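Chemist: In order, the protein sequence lines correspond to chains H and X. Letter 174 of the first sequence, counting from 1, is numbered 174 in the numbering used here, and no numbers are missing. Counting the second sequence from 1 gives a position; the numbering used here is that position plus 306.
Honestly, the hints are just simulated from the structure, not real lab data. All values reported here derive from a predicted model rather than from experimental measurement. Misleading hints may appear alongside valid ones.
Said to hold, decoys possible - Simulated coverage check for chain H against chain X, where a stretch passes if three residues somewhere in it have a Cβ under 8 angstroms from a Cβ of chain X: (1) 133-141; (2) 155-166.
Claimed, not checked - Residues of chain H placed beyond 10 angstroms of chain X at every Cβ, according to the derived structure: (3) Ala33; (4) Ser207; (5) Leu276.
Where a beta carbon is used, it is the ideal one built from N, C-alpha and C, also for glycine.
Each chain, written out:
2 protein chains.
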Amino acid sequence: MTLVHRFAGNPLDRADAERRDDGWLAAAEQDPASRFLPFYNLDVLLAGGATLGWTPASTVRWLDVDVPPVFLGLADGIPHFALDISELEQPARDLGLENGWRFQDCRMAAMAMPADETGIVAQARAQLSWHGSHRFCSQCGARTEQRKGGHVRHCPQCNAEHFPRTDPVAIMLIHDDGRCLLGQPKGPLVRMGMYSALAGFIDQGESIEEAVRREVREEAGIEVGEVRYHSSQPWPFPSSLMIGCLGRATSTEIRIDDAEMADVRWFTRDEVSAALNEENPDLKVPGSVAIAHHLIKSWVNGEAGG
Amino acid sequence: MTLVHRFAGNPLDRADAERRDDGWLAAAEQDPASRFLPFYNLDVLLAGGATLGWTPASTVRWLDVDVPPVFLGLADGIPHFALDISELEQPARDLGLENGWRFQDCRMAAMAMPADETGIVAQARAQLSWHGSHRFCSQCGARTEQRKGGHVRHCPQCNAEHFPRTDPVAIMLIHDDGRCLLGQPKGPLVRMGMYSALAGFIDQGESIEEAVRREVREEAGIEVGEVRYHSSQPWPFPSSLMIGCLGRATSTEIRIDDAEMADVRWFTRDEVSAALNEENPDLKVPGSVAIAHHLIKSWVNGEAGG
């Protein structure tokens, strides 16, 4: 069966038909049974443990927030919404948080919470982030309005409709004769001493396989032949779809892109296998929250066929 | 080997390093050897036959066009650009078109032109379409400026950087015991009497496989189990990445989404096979320009394993 990554596995029914019905949506927002998930500067509200801090309509109704909630979907017929409360100066006080309820960075939160809740976090964070950076019409500059529970923003001036954006990213483990190619982009991974699978945004007019080959050529100077799709993962920072592939190198000499990469190297199966188990003092690789971990593991386990 | 679809196979080197160098780009725009591909209202200029109407710098220099060209990449070291000349009132006169040079709809053009040229059309059309609808900052409403040869738009007011957008779309042939599921969305396919693979935009916080299952459930009421990736195709109308999959149904009774679909039906292998060869008077399916054709063909040929 397909591997279900963190940030996937969302159990909510996105309720496409109900979402198109303005009357239904308005009633759902007022429904005392409806549940709201507040976000503050894109950090998610957690309840005492590490579960989602669902909040009733009776609480959010009194918050002094100007932005409408975003409809996420239904669970057991109950409407679920996300709400951006970043406007509030004292969110903890206004929500009356106690007993360990708190806002947390979504990446951190996703490591500890039940798997299916991470899918809700991904959907909610990506949507709220998009609305927050798309208050104006890219076509004419006027202020836009949220419609269909957040599924679209409408421009009252030029009538354009803008839809939430998802950026496809190719992420690939490239292998060659018992070795695999890992890189360290400039930035946070350098401080952590971590290496990961190469990755990059898929360009306009490019297939997934072409993007894999171009990115590896640009970042590492390595040519890639056969490319195989592995699995995909939503990654809400801010709104990517990670498309994981395994690819076979057809050249071996690395030529690093100095502008983007701090280092790129070939690693042996033993080195990488130890790193996956956190038993390699010289190499760290991403943890199981990231698709990179599973691409590497798949190759270590011989599933890449090479 | 991977199937290379129409609109993929772009032979240009996107020249990531050169693109970041403003001085290099400015010189390339003036270089007499540089080649420019004009688009008028997103229709591409074709030369006498059905090949791309590359135009020299000496011609485009005198056009009264306010938007900068978009850098596509290099071929044999020669810079290639796309140029939106929709501002012109008489583009054919201003360009001095003769000998059958003309503007054509990109979908029509792609059916006749050499395969690798369709990849250039995909890149150019998607980029120009994006720039045309993103002249303003979605974050603050100010006018934005093209940078890095069109790879980014910069907002001088709030300093936001906006990158071209590619929308991932799941397109899937669902099969069950010798039959496959084809649908007719409301719109042009109804007039053409054509059925195609079901498809839909991948939502925020969704893996490819989850999007496949959700879309088929929404449009046809059919449940899907195993999903296998097949291939991908850039589709520049305006800027999608079609992610083609084969999926096995786990239910059989169709429940049509009346709002979006005119019809959805199960078809036998014989019916579909004849349609692929344009020998079925009762069923038309998309031609080989579309990934749907190849998904259907793959299933007819038994490659879906069912």
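Chemist: Are the hints correct? Go through all of them and say.
Modeler: Structure-based check of each hint:
1. 133-141: holds (count 9)
2. 155-166: holds (count 6)
3. Ala33: 23 angstroms, holds
4. Ser207: Answer for Ser207 (chain H): violated, closest chain X Cβ roughly 4 angstroms.
5. Leu276: 22 angstroms, holds
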